[in-house]
Amino acid sequence: MEIVILSVIVIVLMGFLFYVIYDNLKERKRLELYIMKMENPIIGRSVEDKK
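Last residue of the sequence shown: 157 in the numbering used here, with the numbers rising by one and none dropped.
Treat the hints as calculated values from the structure; they're not laboratory data.
Computed from a predicted structure; not experimentally measured.
Certain hints may be false.
Taking CB as the label site, the calculated pair distances span [to be verified]: (1) E145 with I111: 48 to 54 Å; (2) E108 with N130: 28 to 34 Å; (3) N146 with M107: 58 to 64 Å; (4) G121 with I141: 27 to 33 Å.
Yeah, the Cβ is synthetic: ideal placement off N, Cα and C, and Gly gets one too.
Please construct the entire structure, taking both the sequences and the accompanying hints into account.
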């Protein structure tokens with residue numbers, strides 16, 4: 107009986123860890139896209155041309 111409870115706890119922890127890591131990866135991709143937009147010279151040039 108104890109083995110079943112332990113295995114359930116382990117499965118829940120693994121699922122939680124996977125969810126946290128997956129969420130962090132999504133956030134990182136969003137940050138990378140934002141940084142790329144900030145550093146993109148084409149976007150910077152178009153902003154300067156409008157001035």
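List of violated hint numbers, smallest to largest: none
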